[in-house]
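Those sequence lines, one after another, are chains A and B.
Last residue of the first sequence: 186 (the UniProt record's numbering), numbering continuous.
Last residue of the second sequence: 454 (the UniProt record's numbering), numbering continuous.
Don't take each hint at face value.
[As the list claims (entries may be wrong)] With a straight-line Cα cutoff of 20 Å, these simulated EDC-like cross-link-like pairs (lysine to aspartate or glutamate) come out: (1) A:4 to B:60; (2) A:4 to B:84; (3) B:154 to A:168; (4) B:154 to B:169; (5) A:19 to B:53; (6) A:17 to B:60.
The set of hints was computed from the structure by calculation and includes no laboratory data.
These figures come from a predicted structure and were not determined experimentally.
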Amino acid sequence: MSSKASILAAIKGLNMKEKPLPEIPVFDVAPNLVEAYTLALNSNKGTVLTKKELEVLITESSFQKIYSSSPTFNQFTNCELPQHPSDFADLDLAIIEGQFASAENAAIWLDDSNLDLRAIPFITAHLVIVIKKENIVGNMHEAYERIGSTNSGFGVFIAGPSKTADIEQSLVIGAHGAMSLKVVIL
Amino acid sequence: MSHPQNATVFLKDKARAKWHDDTLWIVREKRDATIHLIPEWEQLRELASQIKDHTLSKLDYYLEELEKNATANGIKVHWAENAEEHNQIIGKILEEKKCKAIVKSKSILTEECHLNPFLEERGIEVVDTDLGERIIQFLKQPPSHIVMPAIHLKKSDISDIFHEKLHTEKGNVDPVYLTHAARQHLREKFLQAKVAITGVNFAIAETGEFVVCTNEGNADMGVHLADTHIACMGIEKLIPRRKDLGVFLRLLARSATGQSITNYNSHFRSPSPGKELHLILVNNGRTKQLAREKFRNSLKCIRCGACMNTCPIYRRSGGFSYGSTVPGPIGSILSPGIDLKKYSTLPFASTLCGSCTDVCPVKINIHEQLYEWRQEITKAQGSSLKGLSMKLANGIFTSPLAYKISGKMMRASLKTLPNSVIYNPLNAWGKGRNLPELPTESFKDWYKKNRNEQ
Numbered sequence: 001m002s003s004k005a006s007i008l009a010a011i012k013g014l015n016m017k018e019k020p021l022p023e024i025p026v027f028d029v030a031p032n033l034v035e036a037y038t039l040a041l042n043s044n045k046g047t048v049l050t051k052k053e054l055e056v057l058i059t060e061s062s063f064q065k066i067y068s069s070s071p072t073f074n075q076f077t078n079c080e081l082p083q084h085p086s087d088f089a090d091l092d093l094a095i096i097e098g099q100f101a102s103a104e105n106a107a108i109w110l111d112d113s114n115l116d117l118r119a120i121p122f123i124t125a126h127l128v129i130v131i132k133k134e135n136i137v138g139n140m141h142e143a144y145e146r147i148g149s150t151n152s153g154f155g156v157f158i159a160g161p162s163k164t165a166d167i168e169q170s171l172v173i174g175a176h177g178a179m180s181l182k183v184v185i186l
Numbered sequence: 001m002s003h004p005q006n007a008t009v010f011l012k013d014k015a016r017a018k019w020h021d022d023t024l025w026i027v028r029e030k031r032d033a034t035i036h037l038i039p040e041w042e043q044l045r046e047l048a049s050q051i052k053d054h055t056l057s058k059l060d061y062y063l064e065e066l067e068k069n070a071t072a073n074g075i076k077v078h079w080a081e082n083a084e085e086h087n088q089i090i091g092k093i094l095e096e097k098k099c100k101a102i103v104k105s106k107s108i109l110t111e112e113c114h115l116n117p118f119l120e121e122r123g124i125e126v127v128d129t130d131l132g133e134r135i136i137q138f139l140k141q142p143p144s145h146i147v148m149p150a151i152h153l154k155k156s157d158i159s160d161i162f163h164e165k166l167h168t169e170k171g172n173v174d175p176v177y178l179t180h181a182a183r184q185h186l187r188e189k190f191l192q193a194k195v196a197i198t199g200v201n202f203a204i205a206e207t208g209e210f211v212v213c214t215n216e217g218n219a220d221m222g223v224h225l226a227d228t229h230i231a232c233m234g235i236e237k238l239i240p241r242r243k244d245l246g247v248f249l250r251l252l253a254r255s256a257t258g259q260s261i262t263n264y265n266s267h268f269r270s271p272s273p274g275k276e277l278h279l280i281l282v283n284n285g286r287t288k289q290l291a292r293e294k295f296r297n298s299l300k301c302i303r304c305g306a307c308m309n310t311c312p313i314y315r316r317s318g319g320f321s322y323g324s325t326v327p328g329p330i331g332s333i334l335s336p337g338i339d340l341k342k343y344s345t346l347p348f349a350s351t352l353c354g355s356c357t358d359v360c361p362v363k364i365n366i367h368e369q370l371y372e373w374r375q376e377i378t379k380a381q382g383s384s385l386k387g388l389s390m391k392l393a394n395g396i397f398t399s400p401l402a403y404k405i406s407g408k409m410m411r412a413s414l415k416t417l418p419n420s421v422i423y424n425p426l427n428a429w430g431k432g433r434n435l436p437e438l439p440t441e442s443f444k445d446w447y448k449k450n451r452n453e454q
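All chains should be built: construct the whole structure from the sequences, respecting the hints.
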């Protein structure tokens with residue numbers, strides 16, 4: 001008997017009585033979503049910027065290699081999309097668009113349609129995600145409602161920069177992935 | 001080695017044991033602070049519990065749904081009855097790919113299956129990429145906590161091992177410096193690896209996708225740079241619907257560390273063009289646990305570690321004292337199902353205070369199951385020493401005369417018993433504890449003397 005058959009037979013043999021699957025109710029959300037979002041992002045060690053603030057930051061910074069898939073900041077792109085993601089190992093700044101965000105925990109949803117390469121938000125040294133104010137929802141239930149049954153090969157909620165507390169519980173930003181996350185709310 | 005013996009080793013360094021206790025309690029307090037911001041917290045726990053109960057009650061159906069939908073998405077699904085088969089499947093894929101080095105991100109299942117030694121024996125370099133896991137891999141230790149694998153170590157320990165392995169400055173204990181040294185080291189590994197292995201937090205039957213949650217981004221760094229992604233999951237990691245993730249992702253990180261969510265929550269549905277995605281469904285004793293009605297719902301666990309952070313025994317004895325892949329209260333109800341004899345002391349490593357049950361995000365009645373396991377173990381052990389004393393007690397309570405005499409004897413003997421009897425190795429609870437001061441007379445004597453004085 002194959003392992004599949006033996007595992008399924010072992011479960012079927014228990015003749016378990018089916019227990020009910022609950023429906024998920026609607027819960028109250030924060031009255032001011034932008035404010036709630038900003039607070040949540042700050043506690044995840046990310047920051048909210050305006051379009052203008054980001055433009056100033058990039059102009060005054062020393063970023064060598066910048067890739068933007070957001071049309072709003074296209075003018076800053078100074079490199080081509082590589083064939084293999086490892087060629088982005090020296091990427092200083094990536095700017096991408098997020099579809100929507102959840103105010104309760106600052107998580108932003110991105111999928112293959114936002115990611116020219118799946119590795120971009122992780123391999124870049126610094127990350128900017130652009131979202132629209134009207135695309136901030138209250139909580140994760142509303143976020144999954146927005147995702148619905150869309151059919152992307154990959155999707156991710158990003159809620160902050162890469163971080164760890166594995167050394168004596170001291171919080172350190174920039175473990176493997178992006179060392180900062182800035183969110184521009186348009 | 002039994003839990004009390006191992007705990008003694010941990011408690012030798014008193015300052016470190018105190019630090020461990022305090023640090024985990026801080027994590028528990030962070031959890032409390034964050035859940036109080038969610039008015040529907042208790043409702044979410046109840047929903048999560050019901051969703052998991054439902055899934056387990058139809059596990060065969062949902063496993064087949066998962067396989068069907070994942071296969072349609074382009075994922076190659078494998079089934080493994082046990083750890084050996086799980087390892088063989090991975091070994092075979094690596095052989096086909098002629099792969100000699102892999103990167104791996106936090107997976108308690110691969111720890112349970114002893115995948116690392118299996119691969120290393122075959123000349124394959126395994127790099128654990130979670131910072132905590134990399135640290136303990138350097139030290140050739142197992143994780144001592146399922147969310148904070150290196151919580152038993154101090155930064156001076158980590159500085160020493162990094163100096164040896166990564167040539168960091170001797171004596172530099174700055175966590176930022178050490179973390180960034182690990183970042184450089186692991187980035188090279190990520191860029192070279194052709195195959196990446198990850199665990200699975202949740203698999204969704206309806207969509208045939210699975211979710212991996214990390215804060216460091218190590219799972220994503222691994223899989224998006226490699227050509228092949230192998231994900232390993234226990235068959236209990238299933239949930240029915242995509243929208244159920246809304247409930248579980250709200251509970252998981254808040255319960256684990258007090259964060260509102262992990263920073264990276266990746267949903268894998270199909271491989272990038274030209275790449276491969278494998279999913280291994282592992283039993284390894286889970287259907288046996290499912291068959292034990294009293295212990296069935298231990299399979300609802302989502303591995304947040306909250307029961308460890310709150311447990312007065314775990315905090316004061318350390319993860320290694322359990323000697324099992326999953327330590328702490330949840331480990332103490334899962335492990336006896338795997339090997340009753342080997343893990344027979346674990347259900348006794350508890351005060352039965354119930355704090356684990358109170359914090360569990362999927363409402364597993366952990367302390368009640370600990371109590372149930374104690375009874376199973378006592379039955380299995382027959383008339384052990386403990387059993388004998390229980391029988392004696394039983395005799396005393398059924399005879400009023402024996403009870404009266406035994407009280408007098410107890411008060412007399414406890415006063416005169418030499419410490420070597422009270423604090424002997426058979427009585428693990430004598431360690432670090434003092435006996436209460438004894439009253440000079442029994443309640444019965446006191447009542448006789450005083451009842452006429454009113």
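inquiry  = Hinted pair, alpha-carbon criterion (20 Å max): residue 154 of chain B, residue 169 of chain B. Please report holds or violated.
reply    = Distance of about 17 Å is within 20 Å: holds.
message = So if I understand the rule, the pair passes when the alpha-carbon distance is 20 Å or less; does residue 154 of chain B with residue 168 of chain A pass?
response = 6 Å, holds
query = Are the Cα atoms of residue 19 of chain A and residue 53 of chain B separated by 20 Å or less?
reply = 7 Å, holds
request  = Mind checking the alpha carbons of residue 17 of chain A and residue 60 of chain B for me, to see if they're no more than 20 Å apart?
outcome  = Holds, at roughly 13 Å.
query = residue 4 of chain A and residue 84 of chain B: Cα distance at most 20 Å?
reply = 15 Å, holds
inquiry  = Hint check: residue 4 of chain A vs residue 60 of chain B, CA-CA at most 20 Å. Holds or violated?
reply    = 10 Å, holds
Of the hints listed earlier, there is not a single one the structure fails to meet.
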